[in-house]
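If you want the building blocks of each chain, they are given just below.
2 protein chains.
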Amino acid sequence: MKVAILIEEFVEDVEFLYPYYRFKEEGWDVDVISPNRGTFKGKKGMTHKSDKSIVEVSPDDYDILFIPGGYAPDRLRRYPEVLEFVKKIYDTGKIVGSICHGPWVLISAGIVKGKRIAGYYAIKDDLVNAGAIYTGNEVEHDGNLFTGTDPSAMSELMKMIIEHAKKYS
Amino acid sequence: MKVAILIEEFVEDVEFLYPYYRFKEEGWDVDVISPNRGTFKGKKGMTHKSDKSIVEVSPDDYDILFIPGGYAPDRLRRYPEVLEFVKKIYDTGKIVGSICHGPWVLISAGIVKGKRIAGYYAIKDDLVNAGAIYTGNEVEHDGNLFTGTDPSAMSELMKMIIEHAKKYS
Numbered sequence: 001m002k003v004a005i006l007i008e009e010f011v012e013d014v015e016f017l018y019p020y021y022r023f024k025e026e027g028w029d030v031d032v033i034s035p036n037r038g039t040f041k042g043k044k045g046m047t048h049k050s051d052k053s054i055v056e057v058s059p060d061d062y063d064i065l066f067i068p069g070g071y072a073p074d075r076l077r078r079y080p081e082v083l084e085f086v087k088k089i090y091d092t093g094k095i096v097g098s099i100c101h102g103p104w105v106l107i108s109a110g111i112v113k114g115k116r117i118a119g120y121y122a123i124k125d126d127l128v129n130a131g132a133i134y135t136g137n138e139v140e141h142d143g144n145l146f147t148g149t150d151p152s153a154m155s156e157l158m159k160m161i162i163e164h165a166k167k168y169s
Numbered sequence: 001m002k003v004a005i006l007i008e009e010f011v012e013d014v015e016f017l018y019p020y021y022r023f024k025e026e027g028w029d030v031d032v033i034s035p036n037r038g039t040f041k042g043k044k045g046m047t048h049k050s051d052k053s054i055v056e057v058s059p060d061d062y063d064i065l066f067i068p069g070g071y072a073p074d075r076l077r078r079y080p081e082v083l084e085f086v087k088k089i090y091d092t093g094k095i096v097g098s099i100c101h102g103p104w105v106l107i108s109a110g111i112v113k114g115k116r117i118a119g120y121y122a123i124k125d126d127l128v129n130a131g132a133i134y135t136g137n138e139v140e141h142d143g144n145l146f147t148g149t150d151p152s153a154m155s156e157l158m159k160m161i162i163e164h165a166k167k168y169s
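Sequences listed follow chains A and B, in order.
The numbering of the first sequence is this note's numbering, which starts it at 1 and goes up by one.
The numbering of the second sequence is this note's numbering, which starts it at 1 and goes up by one.
Simulated from the structure, these hints should not be mistaken for lab results.
One or more of the hints may lead you astray.
Which copy is meant is left open, because identical chains are indistinguishable; a pair holds if it fits in one copy or across any two.
Distance condition first, Cα-Cα at most 16 Å in a straight line; then the derived EDC-like pairs of lysine to aspartate or glutamate [to be verified]:
#1 166 - 9
#2 87 - 61
#3 113 - 29
#4 113 - 13
#5 41 - 163
#6 113 - 125
#7 113 - 81
#8 49 - 150
#9 41 - 156
#10 44 - 56
#11 166 - 81
#12 2 - 26
#13 113 - 60
#14 44 - 9
#15 24 - 56
#16 24 - 9
#17 44 - 81
#18 167 - 51
#19 41 - 29
#20 159 - 60
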């Protein structure tokens, strides 16, 4: 199983770190991907390094995509290559997980319309305006989209993603 | 003439500071307002202090509202009191100016539908999904809404706002 995690400047540190180690715990390969390869300062001050740039990877190489929150999503959504990558992974029925402000990227990838999406309450209006169904639940699972509100939803979200990945792989 | 500027954590420092001093240059009173009174760290690291909390002020007290960008708007839009303040100032035909990510607050205040709005390109999808007309211009003036894309648009934006305020006051 191969996992892609997207990061950029101002990523919510723990929303990157916990999924990163949790996926590795399963023995899965995890690639940390950013628009340009480099080091990124998290919202809470830690420094994170990416393994690959978005132009070095193909959606075909991954089974799972995860997009952490913080303000990294505001930066990720600016890159057409990132949005194409997200959309292709989604369109092939692979797992797309995201949390907190992460669904901003899903909005710009055009994949939330008519879907039940959990996300941080600050972006509720953006989700609703994009046609998503914002239930207010801590986690949501709709098709191959798995989403959560904030760090308090991470454990449940990761459990859902990992169980689903094992069941359908 | 009395001006309200809304700030929160992660405000884009220069998008607060230049308008603050520019309005004062006109001899106008400027109140820096935040959801709770306090000091706020800007996105570029400076520390800014608010004069009043949103519950201490009334829309009736102000002639102009300005909302800087950075990630402060993501925080400001979480407060119903802030959104009510913005909407009331807008509904009474007073000037509402905003720049960069600031229009996120205008989206949540429900005042962008059918309006020509300039804003940072990262939030274009949110503006379009909210029904705004995103022309891609550096500055836009539609009715009493004055908006701009980023710091490069600030001088033109402030000139427009100040000229309009003097003309119609």
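Taking the hints in turn, this is what the structure says about them:
When the C-alpha separation of residue 166 and residue 9 is checked against a cutoff of 16 Å, the pair qualifies neither within a copy, at 31 Å, nor between copies, at 41 Å. Only within a single protomer do residue 87 and residue 61 lie at most 16 Å apart by alpha-carbon distance; the minimum there is 14 Å, versus 48 Å between protomers. With identical chains, the CA atoms of residue 113 and residue 29 are never at most 16 Å apart, being 31 Å at best within one copy and 45 Å at best between copies. Taking CA atoms no more than 16 Å apart as the test, residue 113 paired with residue 13 passes in neither setting, with 28 Å inside one copy and 35 Å between copies.
In this assembly of identical chains, the alpha carbons of residue 41 and residue 163 never lie at most 16 Å apart, being 31 Å within a copy and 41 Å across copies at closest. For a Cα distance limit of 16 Å, the shortest separation of residue 113 from residue 125 qualifies both inside one copy, at 13 Å, and across copies, at 13 Å. In this homomeric assembly, residue 113 and residue 81 never come within 16 Å of each other (Cα to Cα): the closest approach is 21 Å inside a single copy and 29 Å across copies. In this homomeric assembly, residue 49 and residue 150 never come within 16 Å of each other (Cα to Cα): the closest approach is 22 Å inside a single copy and 28 Å across copies.
Proximity of residue 41 to residue 156 under the C-alpha cut-off of 16 Å is found in neither arrangement, the shortest distances being 26 Å within a copy and 32 Å between copies. Neither within a single protomer nor between protomers do residue 44 and residue 56 lie at most 16 Å apart by alpha-carbon distance, with minima of 28 Å and 31 Å respectively. For a Cα distance limit of 16 Å, the shortest separation of residue 166 from residue 81 qualifies neither inside one copy, at 28 Å, nor across copies, at 46 Å. Taking the shortest Cα distances, residue 2 and residue 26 sit within 16 Å of each other inside one copy (11 Å), while across copies they are farther apart (60 Å).
Taking the closest pair of Cα atoms, residue 113 and residue 60 never come within 16 Å of each other, the shortest separation being 24 Å inside a single copy and 39 Å across copies. In this assembly of identical chains, the alpha carbons of residue 44 and residue 9 lie at most 16 Å apart whether taken from the same copy (11 Å) or from different copies (13 Å). In this homomeric assembly, residue 24 and residue 56 never come within 16 Å of each other (Cα to Cα): the closest approach is 21 Å inside a single copy and 50 Å across copies. Taking the shortest Cα distances, residue 24 and residue 9 never come within 16 Å of each other, neither inside one copy (23 Å) nor across copies (34 Å).
Taking the shortest alpha-carbon separations for residue 44 and residue 81, neither the intra-copy value of 27 Å nor the inter-copy value of 27 Å comes in at or below 16 Å. Proximity of residue 167 and residue 51 under a CA criterion of 16 Å is satisfied in neither setting, with 28 Å inside one chain copy and 56 Å between copies. In the homo-oligomer, the alpha carbons of residue 41 and residue 29 never lie at most 16 Å apart, since the shortest distance is 23 Å inside one protomer and 38 Å across protomers. Taking identical chains as interchangeable, the C-alpha atoms of residue 159 and residue 60 are never at most 16 Å apart, the minima being 24 Å within one chain and 51 Å between chains.
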